[in-house]
Amino acid sequence: MIETRRRGDAADAAAAAGDRLVVSVGGDGTAHEVVNGLLRRPAGTPPRFAALLRGGTAGDLAKSVPSPSRPEQVPAWLATDRWRRLDAGRLATSTGRRYFINVADAGIGAEVVRRAARGPAWVGGRGNFFGGAVVSLLTHRNVSVRLRLDDGPVLRRRIRTIAVANGAFLGGGMWIAPKARTDDGLFEVVTIGDVGRVLGIRSLPMLYRGRHGRLKQVEFAQGRRVEIDSDEPIGVEADGELAGSTPAVFEIMPGALEVIDWQPSGILSPDRAQLTD
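Its first residue numbered 0, the sequence shown is counted upward by one per residue in numbering that gives the first Met the number 0.
FYI, nobody ran anything at the bench for these hints, they're computed from the structure.
The reader is advised that the hints may include incorrect statements.
Claimed, not checked - Derived lysine-lysine pairs resembling DSBU-like cross-links, with alpha carbons at most 35 Å apart:
no., residue 1, residue 2
1, K215, K62
2, K178, K215
3, K178, K62
Sequences are here, hints too, so could you generate the full structure?
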């Protein structure tokens, strides 16, 4: 058992773990670090990864990768010999390369993450993200970007944010990508276009309910590779961690990890379960 004391400790420990099962105990940020350590390893058999997701600021990954909700369930969880493949994303930005397993985005999301991280602990993750979103919506300026999916044409958009989703939730419970699957080898790409301040705030409840697709400024697409560029740098975040700025390239890594198949939530595809003897 290793107790982390500073940023990067969890990634280093996971990278050095060899073939042993790595169990992450903490929030989305800890899981993000562990995955980045695991995926540093040379290519080969997908590393097995167990995330006991408790605490943290957002708690979004737990909605896509279920884990025990009570301490007495943990032994049975760890003893489960049933695994699912989990896709990951590879992200390259101004600050280098990293991996993510839930959602990354370019635009207002990085501002929200920065504000939420500074919020008081007693407010809770969802409260800090909601507050950060409201303040950011009041101050954020929409920007023009160039977007390309796979080998398609370059699309020009004026956006509030573009979410590149492996999982379905971000920002402390916002259901940003209702159709996202963590094991289908595809990103769900959600573009929230030139939404004004008033509509942005009024539509926040729609985001939490997954109903923002009703807005004409919202577009959904799928792809394996996403490129976002802009004349002025735009902040990028991944799994709730600041990740540099544009230009940014996102690439899906199908089945990059294996996770314990624990009480499937419906977000992981039920036909992908792998039983082991």
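Each hint tested on the structure:
Of the pairs offered as hints, the one joining K215 and K62 holds, with about 27 Å between alpha carbons and a cut-off of 35 Å not exceeded. In summary, the hint linking K178 to K215 is supported, as the alpha carbons are separated by about 18 Å, within the 35 Å threshold. For the proposed pair K178 and K62, the alpha carbon gap of about 13 Å is at most 35 Å, so the pair holds.
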